[in-house]
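Keeping their order, the protein sequence lines are chains A and B.
No gaps in the numbering here: position 250 of the first sequence is 249 in numbering that gives the first Met the number 0, and each next residue is one more.
No gaps in the numbering here: position 190 of the second sequence is 189 in numbering that gives the first Met the number 0, and each next residue is one more.
Keep in mind that the hints were calculated from the coordinates and are not lab data.
Where a beta carbon is used, it is the ideal one built from N, C-alpha and C, also for glycine.
Treat the hints loosely; a few may be bogus.
What the hints assert, rightly or not - With the Cβ distance kept under 10 Å, some of the chain A side facing chain B (calculated, not the full set):
hint: 1; residue: K71
hint: 2; residue: T192
hint: 3; residue: Y221
hint: 4; residue: R225
hint: 5; residue: H227
hint: 6; residue: A228
Said to hold, decoys possible - Below, computed lysine-lysine pairings styled on DSSO-like, alpha-carbon distance capped at 30 Å:
hint: 7; chain 1: A; residue 1: K65; chain 2: A; residue 2: K129
hint: 8; chain 1: A; residue 1: K230; chain 2: A; residue 2: K288
hint: 9; chain 1: A; residue 1: K178; chain 2: A; residue 2: K65
hint: 10; chain 1: A; residue 1: K288; chain 2: B; residue 2: K247
hint: 11; chain 1: B; residue 1: K235; chain 2: A; residue 2: K288
hint: 12; chain 1: B; residue 1: K185; chain 2: A; residue 2: K288
hint: 13; chain 1: B; residue 1: K235; chain 2: B; residue 2: K247
hint: 14; chain 1: A; residue 1: K129; chain 2: B; residue 2: K202
hint: 15; chain 1: B; residue 1: K202; chain 2: B; residue 2: K235
hint: 16; chain 1: A; residue 1: K288; chain 2: A; residue 2: K102
hint: 17; chain 1: A; residue 1: K71; chain 2: B; residue 2: K235
hint: 18; chain 1: A; residue 1: K178; chain 2: B; residue 2: K202
hint: 19; chain 1: A; residue 1: K65; chain 2: B; residue 2: K202
hint: 20; chain 1: A; residue 1: K65; chain 2: A; residue 2: K102
hint: 21; chain 1: B; residue 1: K202; chain 2: B; residue 2: K31
hint: 22; chain 1: A; residue 1: K178; chain 2: A; residue 2: K102
hint: 23; chain 1: A; residue 1: K226; chain 2: A; residue 2: K129
hint: 24; chain 1: B; residue 1: K235; chain 2: B; residue 2: K213
hint: 25; chain 1: A; residue 1: K230; chain 2: A; residue 2: K178
hint: 26; chain 1: A; residue 1: K178; chain 2: A; residue 2: K129
What follows is the residue order along each chain.
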Amino acid sequence: MHPAPSVIIFTTLSGLGFGLLVFLGLGFPAVSGWIAFVFFAIAYALAVGGLMASTFHLGHPERAWKAFTQWKTSWLSREGWCAVLALIFMGLYALGLVFLDQKWSLLGLIGALFSLATVFTTSMIYTQLKTIPRWNMNLTPVMFLSFSLAGGALLAGQTSVAIPLLLIAALVQILYWRKGDQAFASSGTDLGTATGLGARGSVRAFEPPHTGTNYLLREFVYVVGRKHAEKLRIISFVLAFVLPVLLLVLPFNHVFALLAVASHLAGVATSRWLFFAQAEHVVGLYYGKR
Amino acid sequence: MTQLPTSTERKMGLVIDLDTCVGCHACVISCKGWNTENYGAPLSDQDAYGANPSGTFLNRVHSYEVQPAEGHAQLIHFPKSCLHCEDAPCVTVCPTGASYKRVEDGIVLVNESDCIGCGLCAWSCPYGARELDQAEGVMKKCTLCVDRIYNENLPEVDRVPSCVRTCPAGARHFGDLGDPDSDVSKLVADRGGMDLMPEMGTKPVNKYLPPRPKDTVEDQIDILAPLLAPVAEEPKGFLGWLDKTLEKL
Ligand code: SF4
Ligand code: SF4
Ligand code: SF4
């Protein structure tokens, strides 16, 4: 799949932002007044910034509101609803904390649940696609949720929870890569089933439909940079998990905490790049490609 | 609405004969010709006369080589357009309701004025049947020529999809695949019509007729062949000497 910057920015930032909102909604850290304002401002900047980025790749962003209509079947539509509801509930909750010195815990709890639901629905947009075996796995939502919670804990400064959550996310990441690498082969789809000719012999793409490229090849058959995947996996793993955990174990220091967040963010973004770049769509088979 | 109908009154679709298709791409051109000036936005091209031409097509013809365990390889031309799936994933993923499947005939369409061009439906289609038009920013797909098949302004013979009307080999057939007595259903039954990627669970309406087995060549087809046997197999004399000498070098 083409790793469009808009979707990488969106899933990385909003995952982190909604993760932070989960912790804030549950009252960790228990902030109020201007400190609360800063925390919520950061969370909203990440969450809303990510959502805005996701509209950049639309052909008609001005009609984006129509995406709220099909929540009965569409995960993308459900994501829109969850995001808006999470931002509304958390907004009211923040209002109480920042300006009225009131802690409306129920609002915070509901907001936290919708924040989690937003990350889950985002992950389901990818998970539901049978056409991309690497995404069509139970581990995909687990990965999105564990990343979001680990990043949220890190941003919320909850060191004691952040370390175990980072370790869990790291484990999920390894499992996801290992299972993902076999997903296409074990999906049972190949050029034989794609053409229905598999029973007659070995099928080979002989001539493509056109000499140039097309939307399908640009969008679904992205192979540039796949050869660096192993190296990028190591880089992303070290940045997202190893460094932040090390920095958190060291005696607390604001510079270290900031470095841990920055490193985690860069690592997750790299992992998301790989999530897209390494995902192979079955349509590539028709073109003799993966 | 992007909820799929539980059943459709008819299942209009295409039956594509892989045995007869000669790979001429006439259907590709006629599809683009008809659809660029009828239903919805035109099918745009980018850099059409430049070094990197690309454009939106609703129908494309691939070619595959099948090598059986024994015998000669077979070349198969393979036209591919939307299969108007019964369980169309492209419809249910659509957030705006722009993609829908019609109850009356099962045709899968995009209402372009609702489409936000998110591309998710193209991601969900296993067959590469949807292309986002780069000029218009909306999703394009085969309409089964919905603006021809019921069009009373056209002579009756033309009230079939453009690709079907054009195919010089008669490799594309159009009809109701929900009616077991229709010509297309009989053809599918006779020839063992098949689904593409059945494991995806999309239940395509369009069917493909597999190529018939190749004739086997009899041992001796030409009675004159024995008389044409090569005369001198081993060079003799000077040529023989030359051959051996060159061999040694
Ligand atoms: S072939 Fe693709 S675009 Fe057409 S109905 Fe099936 S899934 Fe949808
Ligand atoms: S590109 Fe258009 S038709 Fe396709 S899912 Fe998005 S809004 Fe629906
Ligand atoms: S039915 Fe019409 S739109 Fe579909 S492939 Fe044929 S010519 Fe193109």
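Status of each hint after checking the structure:
{"no.": "1", "hint": "K71", "verdict": "holds, 6 Å"}
{"no.": "2", "hint": "T192", "verdict": "holds, 5 Å"}
{"no.": "3", "hint": "Y221", "verdict": "violated, 13 Å"}
{"no.": "4", "hint": "R225", "verdict": "violated, 19 Å"}
{"no.": "5", "hint": "H227", "verdict": "violated, 24 Å"}
{"no.": "6", "hint": "A228", "verdict": "violated, 21 Å"}
{"no.": "7", "hint": "A/K65 <-> A/K129", "verdict": "holds, 25 Å"}
{"no.": "8", "hint": "A/K230 <-> A/K288", "verdict": "holds, 23 Å"}
{"no.": "9", "hint": "A/K178 <-> A/K65", "verdict": "violated, 36 Å"}
{"no.": "10", "hint": "A/K288 <-> B/K247", "verdict": "violated, 46 Å"}
{"no.": "11", "hint": "B/K235 <-> A/K288", "verdict": "violated, 53 Å"}
{"no.": "12", "hint": "B/K185 <-> A/K288", "verdict": "violated, 35 Å"}
{"no.": "13", "hint": "B/K235 <-> B/K247", "verdict": "holds, 17 Å"}
{"no.": "14", "hint": "A/K129 <-> B/K202", "verdict": "holds, 14 Å"}
{"no.": "15", "hint": "B/K202 <-> B/K235", "verdict": "violated, 69 Å"}
{"no.": "16", "hint": "A/K288 <-> A/K102", "verdict": "violated, 56 Å"}
{"no.": "17", "hint": "A/K71 <-> B/K235", "verdict": "violated, 87 Å"}
{"no.": "18", "hint": "A/K178 <-> B/K202", "verdict": "holds, 28 Å"}
{"no.": "19", "hint": "A/K65 <-> B/K202", "verdict": "holds, 28 Å"}
{"no.": "20", "hint": "A/K65 <-> A/K102", "verdict": "violated, 35 Å"}
{"no.": "21", "hint": "B/K202 <-> B/K31", "verdict": "holds, 26 Å"}
{"no.": "22", "hint": "A/K178 <-> A/K102", "verdict": "violated, 44 Å"}
{"no.": "23", "hint": "A/K226 <-> A/K129", "verdict": "holds, 25 Å"}
{"no.": "24", "hint": "B/K235 <-> B/K213", "verdict": "violated, 43 Å"}
{"no.": "25", "hint": "A/K230 <-> A/K178", "verdict": "holds, 18 Å"}
{"no.": "26", "hint": "A/K178 <-> A/K129", "verdict": "holds, 15 Å"}
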